[in-house]
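Trainee: Spelled out from the first residue to the last, the chains are:
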Amino acid sequence: MTGFVRAVWVITRKDLLVEARTREIFLTTAFFAVACVMVFAFSFVREGQAISEAAAGILWIAIAFSGTLALGRAFERERHGETLRALLIAPIDRPALYLGKLVGILILMAAVEVIVVPLVALMFQAALFDHPLLLLALLATGTVGFAAVGTLFAAMLVRARSRDVMLPVLLYPITVPVIIAGVRGTAALLEADGLPMARAWLAMLVFFDVVFVTVALWTFEPVMTE
Amino acid sequence: MDFTRLEFVEVTRTFGRRRALNRVSLAAAAGTITALLGHNGAGKSTLLSIAATLLQPSSGTVRYGDHAGSGGAALRARIGMLGHDLYLYPELSAAENLRFFARLYSLPDVESAVARGVERAGQTGRADEPVAGFSRGMRQRLALERALIHEPRLLLLDEPFTGLDEAAREALRDRLRAARAAGTIVILTTHDLAAIESLADRSVTLVDGRLAA
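Sequences listed follow chains B and C, in order. This note's numbering puts the first residue of the first sequence at 1, with every later residue one more than the last. This note's numbering puts the first residue of the second sequence at 1, with every later residue one more than the last.
The reader is advised that the hints may include incorrect statements.
A short, non-exhaustive set of chain B residues, derived as facing chain C with CB atoms under 10 Å [claimed, not checked]:
no., residue
1, 3
2, 7
3, 10
4, 11
5, 13
6, 17
7, 18
8, 19
9, 21
10, 22
11, 73
12, 177
13, 206
Pulled a few chain B residues facing chain C out of the computed Cβ check, cut under 7 Å [said to hold, decoys possible]:
no., residue
14, 14
15, 41
16, 82
17, 83
18, 86
19, 88
To spell it out: a stretch of chain C is covered by chain B in this simulated footprint if at least three of its residues, at any positions, have a beta carbon under 8 Å from a beta carbon of chain B; those stretches are [unchecked claim]:
no., segment
20, 52 to 63
21, 89 to 98
22, 101 to 107
These aren't lab readings, by the way, just hints derived from the structure by calculation. Heads up, the beta-carbon is just placed ideally off N, CA and C, and yes, glycines get one too.
Starting from the given sequences, assemble the full structure and let the hints guide the process.
Mentor: Here's what the structure looks like:
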């Protein structure tokens, strides 16, 4: 294992160990995501009939909102006790620090999605699992795109007094293309002949991921150095 | 890389319109303890942050031996820092905290370094307990071992005596004397003159970002 990959893994493993001890982020975000889906289900399911087109949008709203919660909390932990300064002094490449935090957040978001996706499929009677690999690819690429930007902004805002307000204000406008591509790709999966369109949206998400991760890796070091 | 001297040359740092440091020149050699004194807001912590490469000077340079630079992993590997906040994860145990930082510093024998750090912190019997349950003094000793786990050349301590009882202060002074004997450049900030009496080789006072004569 190279030094860079090892540093990424050391940081991710520490985040997962802390989360395993507290379960704070997982429980908070999972509860929030489930509550979000349930509220929409009460609104959009009438007389046992769901508006199937709503499922994709509600799924991605739950992912984005709960992901924002996870991002804020993950960096709040580094602010508490100023451990972020200890990480910045450590002799690791700053992009490794970014990727370590990103991978930890991705694992947490994936754990929440394991609960939320079947719940959306059930509550909205949506055939999300008819094409499981394509669904998995859409979720993975959409989550990476969202978390890549979110991790950068959450790190930038960690010392800002109004970080809880600023994070969604900065994050959502930038990640709108990712969320739209996720929603449209997932909606295409639910249509009878939507597979080509779903693949096109997937390609778009891959493109966004490459752009966002590259820009974040490139800018992380300067933005973390005062 | 290694160095045996730290030198601030005409270092100025501004935050917006406020000048936190104003043309500070100061040098410290290996095997010495330098105390930075001064009131709150005098610029002590800013100077430490610049030495730790966490802040860039607005003007002036910091020289680590022959190397004038603002960072790089090789330089950061020779720096240890203990802030007023202790840079520890309260959810993790003493051993887990040390293990995490030992891995981050790519130490060759992580478990030996952890065992040594836990022993020096006097926490052998409580190594597997979460740090959240430790007293301030215990956390401070553990945090110092965290900062020293990679045997840094430069050790920076921000108000290390705050909140400690006399026994913990004496333990901290002993540890700093040992670091000095090992050739570490120790720079610490404090309000507490009594704490550094018979410890510091040199004391300098910062007043409104300037070194007092």
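Trainee: Which of the listed hints are not met by the structure?
Mentor: 11, 12, 13 and 15
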